[in-house]
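Work the whole structure out from these sequences, hints included.
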Amino acid sequence: MSPRLIRAAADATGRRPGRPLRITVDGEPVTGIAGQSIAGVLLAAGRTSWRTARSGAPRGVFCGIGVCFDCVLTVNGAPDVRACRRRAADGDVVTTQSRVEVADGDVAASQSRAEVADGDVVTTQSRADGSTDGAAGEGA
Amino acid sequence: MTVRQVVVIGAGPAGLAAAASALAAGAAVTLLDAAERPGGQYHRMLPEEYGAARPGRLHHGWAAFERLRRRVLGHPRCTWLAETAVWALERPEPGHPGLPLVHTLTGPADGTDRPRRTLAPDALVLAPGAHDRVLPFPGWELPGVYAAGAAQALAKGERLVIGDDVLLAGSGPFLLPVAAALLEAGAGVRAVLEANPPRTVARGWARRPWELAEQPGKAAELAEYTALLAHRRVPYRMGRTVIEARGDGRVEEAVTARLRPDWSVIPGSEVTVAVDALCVSHGFSPQLELPLAAGCALLRSPAGEFVAVDGDQLTSCPGVYAAGEITGIAGAPAARTEGALAGWLAGGGDPATPALRRVRRNRDRGRAFAARLAAAHPVGSAWPGWLRPETVICRCEETDYGTLCRAATEEAGAAPRVAKLATRAGLGPCQARICGPTVAELTARLSGNSPGCPADGLPVAAPHRRPIAQPIRLGELASSPAPSEPDTKESTA
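In order, the protein sequence lines correspond to chains E and W.
Going by the UniProt record's numbering, the first sequence runs without a break in its numbering and finishes at 140.
Going by the UniProt record's numbering, the second sequence runs without a break in its numbering and finishes at 493.
Check each hint, because a few of them may be wrong.
[To be verified] If you anchor each label on the Cβ, the simulated ranges turn out as follows:
#	chain 1	residue 1	chain 2	residue 2	range
1	E	A89	W	E252	27 to 35 Å
2	W	A230	E	G77	46 to 54 Å
3	W	S269	E	P29	42 to 50 Å
4	W	E36	E	V102	35 to 43 Å
5	E	P29	W	G26	53 to 61 Å
6	E	G91	W	E252	33 to 41 Å
7	W	E410	E	G77	39 to 47 Å
Calculated from the structure, these hints are not laboratory results.
All figures in this text were calculated on a predicted structure; none of them were measured in a lab.
We put the CB at the ideal spot given by N, CA and C, even for glycine.
What follows is the structure, given as structure tokens:
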């Protein structure tokens, strides 16, 4: 079985059925309810993984509270958004990310990076060459 | 005289209590948290959109939390900054007095064009909390393997159940509330595995059993979880853990094994269990980047590194207080007590107030509780025995154990920093938050820096240094800070 949302009718918290929302993930429509995180929407839709690590291995949620950066994806053109921390908004355009390097040395699916002039993310530690790491590590 | 400005970072049990007592002391408080609603992980609230009529069903001490939350957030001297990340603490120039400036971003997590603010507090209370420490094992990077906190956050915070055949493993009492949250949400829980044998746990607690009894809320809570597991016929096994996860594209099986007290695997005791989710927690890592950015000294304890504080919760930096899990893992009641003390003194309250005597006594009990907890649920020194050369250690960079071994045993690779650059372990997006303590421990052992010494399992300070505490986009960095608000003292630096 896959992860699932508890049915509102069976929920001890007495929550309302929830206002539906719709996002797209790599062009495919996925439905959820208002208040869910993007990770929650994807998990409840039966997807346990969406990011691809450098080796090609699939990744999804690990820490669930914004620490591990395993679940990052691109939201409305901005890369490296932690899906577990970001609330889904109706109409969000989500694309998945990959760190698999293709033949010419480019990174395959940080596809949206070029579209977002200020989308690059600054994090901390310097590399050996003195440049900074991008938040998803693809390198700035 | 102007009103004293206190900034409280983190709105979990410690931060909320700190804000309340700083307000009571007469200060103006800016309380901020990365989440949309206060409560932290312990009282993680459901989204407002869920319209839950009975949210308290999922929580302990909910009524008291609700009262506190309303009192603090509704206070005329309190500014509540939700969805606010602290991306840097900027220390004053050497030789100059004053507190660090607090640089914040407010808006949806990892968004774009989030307004930037700079707060210049008279006193600072750091209460950022902790996250699960998960030791690596073969297959731990498979989807469907979660830190235990993720399962709890999704169940409590979104009403999402991660699976129907869930196995919980690791060490510490935190596994119990996670099991309870999963059961409440309708998941099937196969078993809860505590890696330490009964003798270790009993010896840890039994030396001074009254210290457990003196955390009344915690004792009752744990008793309730134990009763729930028994009622739902969920086995609680000690001296056993998960040593491998297997599956094609996601976890399908877990291999469990019996452990000796030092966590070495007893050969032949392996059992394979079908699971659709696996939750693991071997303890907690305090979120140390902000205390380190502020310049706070750390303290080494058997449970790891924490922020060093004096009897007033004051760190080594003047005006900077610390409360909650960053000073030692002791749970919500202890965090609240520390927060109450830190907030009162940060707010300029009289340190000789008679009422503080009881607070200090409770705080001391909380610290004793933390020491018991660490003694009862240590990480066994032989855990690397379940690693294989191809086991991923750094999840971000997929650095495996074999690579780390080679780098550490080469002469040049003996220093953790050199090993890091050579292997890329800890250089990925999480900035070593997950693997840092583990890489430091393994590197020290492999290079023979701490052979057989009791410091086994202790991380070094380096993995927590992150000058940029949270990601900020270049566009946001380039923009000018938001104008000052009338009710908070802000600088335009």
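Comparing the hints with the structure gives:
{"no.": "1", "hint": "E:A89 x W:E252: 27 to 35 Å", "in the structure": "holds (34 Å)"}
{"no.": "2", "hint": "W:A230 x E:G77: 46 to 54 Å", "in the structure": "holds (52 Å)"}
{"no.": "3", "hint": "W:S269 x E:P29: 42 to 50 Å", "in the structure": "holds (48 Å)"}
{"no.": "4", "hint": "W:E36 x E:V102: 35 to 43 Å", "in the structure": "holds (38 Å)"}
{"no.": "5", "hint": "E:P29 x W:G26: 53 to 61 Å", "in the structure": "holds (54 Å)"}
{"no.": "6", "hint": "E:G91 x W:E252: 33 to 41 Å", "in the structure": "holds (35 Å)"}
{"no.": "7", "hint": "W:E410 x E:G77: 39 to 47 Å", "in the structure": "holds (43 Å)"}
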